[in-house]
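**Q** Residues per chain are reported as follows:
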Amino acid sequence: MVQVMLSEATQKKIAKLKDRYPEKKTAILPAMHVVFKEVGYYNQNILKQIADLLELSQMEVSETVSFYTYFPREGVGKYHIQVCTNLSCSLLGAEELVKYLEYKLKIKAGQTTTDGLFTISTVECLGSCGTAPVMQINQTYYENLTKAKVDQILEDLKKGK
Amino acid sequence: MEKILFKYIDVPDQYEIDTYIKNGGYRALPKALKEYSPNDLIEMVKKSGLRGRGGAGFPAGLKWGFVPKDSPNPKFLLCNADEGEPGTFKDRWLIEKDPHQLIEGIIISSYAIGAHRAFIYIRGEFAFGAERLKNAISEAYQKGYLGRNILGSGFDLDLEVYRGGGAYICGEETSLMESIEGNRGNPRLKPPFPASVGLYKNPTVINNVETLSNVPHIVLNGALWYAKIGMPKSTGTKIFSLSGHVNRPGNYELPMGTPLRELIYDHGGGIKDERELKAVIPGGVSTPVLTSQLVNVKMDFESLFEAGSLLGSGAVIVMDETTCMVKVAYRLSRFYEHESCGKCVPCREGTRWIRMIMARIENGKGREEDIDLLLDICTNIAGKTVCPMGDAAVVPIMSTIQKFREEYEYHIKNKKCMVDLGTRFV
Ligand SMILES: Cc1cc2nc3c(=O)[nH]c(=O)nc-3n(C[C@H](O)[C@H](O)[C@H](O)COP(=O)(O)O)c2cc1C
Ligand code: SF4
Ligand code: FES
Numbered sequence: 746m747v748q749v750m751l752s753e754a755t756q757k758k759i760a761k762l763k764d765r766y767p768e769k770k771t772a773i774l775p776a777m778h779v780v781f782k783e784v785g786y787y788n789q790n791i792l793k794q795i796a797d798l799l800e801l802s803q804m805e806v807s808e809t810v811s812f813y814t815y816f817p818r819e820g821v822g823k824y825h826i827q828v829c830t831n832l833s834c835s836l837l838g839a840e841e842l843v844k845y846l847e848y849k850l851k852i853k854a855g856q857t858t859t860d861g862l863f864t865i866s867t868v869e870c871l872g873s874c875g876t877a878p879v880m881q882i883n884q885t886y887y888e889n890l891t892k893a894k895v896d897q898i899l900e901d902l903k904k905g906k
Numbered sequence: 086m087e088k089i090l091f092k093y094i095d096v097p098d099q100y101e102i103d104t105y106i107k108n109g110g111y112r113a114l115p116k117a118l119k120e121y122s123p124n125d126l127i128e129m130v131k132k133s134g135l136r137g138r139g140g141a142g143f144p145a146g147l148k149w150g151f152v153p154k155d156s157p158n159p160k161f162l163l164c165n166a167d168e169g170e171p172g173t174f175k176d177r178w179l180i181e182k183d184p185h186q187l188i189e190g191i192i193i194s195s196y197a198i199g200a201h202r203a204f205i206y207i208r209g210e211f212a213f214g215a216e217r218l219k220n221a222i223s224e225a226y227q228k229g230y231l232g233r234n235i236l237g238s239g240f241d242l243d244l245e246v247y248r249g250g251g252a253y254i255c256g257e258e259t260s261l262m263e264s265i266e267g268n269r270g271n272p273r274l275k276p277p278f279p280a281s282v283g284l285y286k287n288p289t290v291i292n293n294v295e296t297l298s299n300v301p302h303i304v305l306n307g308a309l310w311y312a313k314i315g316m317p318k319s320t321g322t323k324i325f326s327l328s329g330h331v332n333r334p335g336n337y338e339l340p341m342g343t344p345l346r347e348l349i350y351d352h353g354g355g356i357k358d359e360r361e362l363k364a365v366i367p368g369g370v371s372t373p374v375l376t377s378q379l380v381n382v383k384m385d386f387e388s389l390f391e392a393g394s395l396l397g398s399g400a401v402i403v404m405d406e407t408t409c410m411v412k413v414a415y416r417l418s419r420f421y422e423h424e425s426c427g428k429c430v431p432c433r434e435g436t437r438w439i440r441m442i443m444a445r446i447e448n449g450k451g452r453e454e455d456i457d458l459l460l461d462i463c464t465n466i467a468g469k470t471v472c473p474m475g476d477a478a479v480v481p482i483m484s485t486i487q488k489f490r491e492e493y494e495y496h497i498k499n500k501k502c503m504v505d506l507g508t509r510f511v
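Residue numbers (the working numbering), protein chains in the order written: chain A, 746 to 906; chain B, 86 to 511.
Any given hint could be a false lead.
List time: in silico DMTMM-like cross-link candidates among lysine to aspartate or glutamate, alpha-carbon distance up to 25 Å [to be verified]:
hint	chain 1	residue 1	chain 2	residue 2
1	A	758	B	245
2	A	823	A	896
3	B	363	B	347
4	A	757	B	243
5	A	769	A	808
6	B	501	A	841
7	B	428	A	808
8	A	761	B	224
9	A	770	A	800
10	A	844	B	422
11	A	782	B	245
12	A	823	A	847
13	A	763	B	243
14	B	357	A	888
15	B	488	B	454
16	A	770	B	243
17	A	761	B	216
18	A	903	A	783
19	B	488	B	457
20	A	758	B	243
21	A	763	B	266
22	B	363	A	840
23	B	182	B	224
24	A	782	B	224
25	A	758	A	800
26	A	761	B	266
27	B	313	B	120
28	A	853	B	422
29	A	892	B	505
30	A	892	A	840
31	A	892	B	359
32	B	488	B	406
33	A	782	B	266
Here are some chain A residues the structure puts well away from chain B; computed CB gaps all over 12 Å [claimed, not checked]:
hint	residue
34	746
35	749
36	753
37	755
38	852
These are calculated hints, taken from the structure and not from any lab test. The beta carbon of each residue, even a glycine, is placed where N, CA and C say it ideally should be.
Let the sequences and hints guide you as you build the complete structure.
**A** Structure representation (structure tokens):
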């Protein structure tokens, strides 16, 4: 497990959430969003820090957080490619899109490239079915995808754009 | 017909408060606060016939009326912006393109039910929409539409955005409340209903984004004006999210009762690549599939119910002749297994069994008795679960077997699809 120390700014933001709501536990998800923005993933060490800041037990935080799939655990690549494979996207070729990504990055869905740059995941409907097929990379949506577009997106990300 | 919710949807900076005001925004709010009592507003919304746009179509005014007036507890208003029903992407547009319309609706609705604190629960993936809303809310605070003593009326309201964590079930109202309380999103048994025991055990009203966005227009133009639009029992307009094999997918705001044919062919530009229409899911994946023969059905709560389906969230998924219905059902079985929260056995175990059987049929290992086995599992889930998700999970399976049984039989016998699938991603 990587030992990540949350930055002071993030710690402050989380501590401020503690008294914002009628119940302290309400602050868990908002705290996770703050952490997600800074670190991009979580592990038990991070949950412990959140728990301390919110004056909750680590178990309480962990119990809640493990229910939600939006926050990736430690081990996810720098760019987390989430491809929607629900019905509307699937009707317009989402499975072929996944295969194309697997071919381009030489990994299978669920895996991370050895340089730690990319992870491919398949996810349920992203709420953008009118622009299918769709994928989300970290916080950004990429819509109406074609092979040419995918090539361009991967190229840009590799260059760090 | 003139659009109501989407009237300014193409104005690029409609999301900014000044543009919203220039286009007639924040005129309903002072009118509501000065000319009407909370009770007047509840009566007005009842008379308008406005029904919930989140899926169940429950009359909004009636729901508001259930909030106990004599309760000493604080009351809450929740806006459901979880938008998880596959096929649905309308709330995202309302949020990103016209957030103040929603905020104005939330303020008026909170006043009507006596809530001083409101949350917009938005699905975690909508990072951009959440940002938009946060900015719009701070604009509204600056202009005095939120906060203490709004427009000198003595009414206080605090509103904030609460981001979810990517769980479909958190769109279910009691699960959403559990989620805000910081728990795992397991639905609660009803009764008690949220109107009496909701968020933090206090009286709570929860409404969908589209429902609340209608409220300012009803206040401005009157209940009777609204009731005249659409159908007698399904009043107003509805935003249909059109996706799948159509030439022009997108969101279309049309009067309730617009024929499905008009939506697909006139607005959606017809079927892609000049193929034949095969089937339509009219209201999100939890509503029964319709065959192409029903393309003249009117799109409203009553007409779709009579046609054997439901209006749901208004997500219209169009499938052409190259669609394998077994594959569709298999795909959706994976969705429901993944999203089952695990609280009740029939849903948790049943969705897993359905997926496993669907997978073996899809992969050419199906057995003759599998179709009846699937139907048997479905009857053992439906009606036996804590929340309606169990009922929803069996819909794709039962309705595709009912209407396309021959495709299942073909799949089992010949170990492949009955139709030619073709390539889509180029
Ligand atoms: C499994 C499940 C998921 C749901 N997801 C949503 C959703 O994403 N958005 C929504 O507005 N309503 C959703 N609902 C319906 C809500 O429970 C609730 O009925 C609705 O928010 C009430 O608002 P309305 O009366 O304005 O429609 C869902 C219901 C179920 C059973
Ligand atoms: S029906 Fe499914 S989703 Fe609903 S409470 Fe039961 S297990 Fe959870
Ligand atoms: S089905 Fe892919 S975004 Fe909705």
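**Q** Given the hint that residue 363(B) pairs with residue 347(B), test it: the Cα-Cα distance must not exceed 25 Å.
**A** Judged against 25 Å, a Cα distance of about 16 Å means the pair holds.
**Q** Is the hinted pair residue 782(A) and residue 224(B) satisfied, with a Cα-Cα distance of at most 25 Å?
**A** 24 Å, holds
**Q** Given the hint that residue 823(A) pairs with residue 847(A), test it: the Cα-Cα distance must not exceed 25 Å.
**A** Given that 25 Å is the threshold and the Cα spacing comes to 17 Å, the pair holds.
**Q** Beyond 12 Å from every chain B Cβ: check whether that's true for residue 753(A).
**A** For residue 753(A), whose nearest Cβ neighbour in chain B is about 23 Å away, the distance exceeds 12 Å, so it holds.
**Q** For the pair supplied as a hint, residue 428(B) and residue 808(A), is the alpha-carbon distance within the 25 Å limit?
**A** Holds: residue 428(B) and residue 808(A) sit about 14 Å apart, inside 25 Å.
**Q** Can the restraint linking residue 770(A) and residue 243(B) be considered satisfied, given a maximum Cα separation of 25 Å?
**A** Holds, at about 19 Å.
**Q** Given the hinted pair residue 363(B) and residue 840(A), is their Cα-Cα distance within 25 Å?
**A** Roughly 21 Å between the alpha carbons, so the hint for residue 363(B) and residue 840(A) holds.
**Q** Starting from residue 488(B), check that the Cα of residue 406(B) is at most 25 Å away, please.
**A** 14 Å, holds
**Q** When you check the alpha-carbon spacing of residue 892(A) and residue 359(B), does it fall within 25 Å?
**A** 23 Å, holds
**Q** Taking 25 Å as the top limit, are the C-alpha atoms of residue 757(A) and residue 243(B) close enough?
**A** Given pair residue 757(A), residue 243(B) holds - Cα atoms ~23 Å apart, limit 25 Å.
**Q** Going straight from one Cα to the other, do residue 357(B) and residue 888(A) come out at no more than 25 Å?
**A** Distance of about 18 Å is within 25 Å: holds.
**Q** For the pair supplied as a hint, residue 853(A) and residue 422(B), confirm whether the alpha-carbon distance does not exceed 25 Å.
**A** 22 Å, holds
The structure fails none of the hints (numbered hints given earlier).
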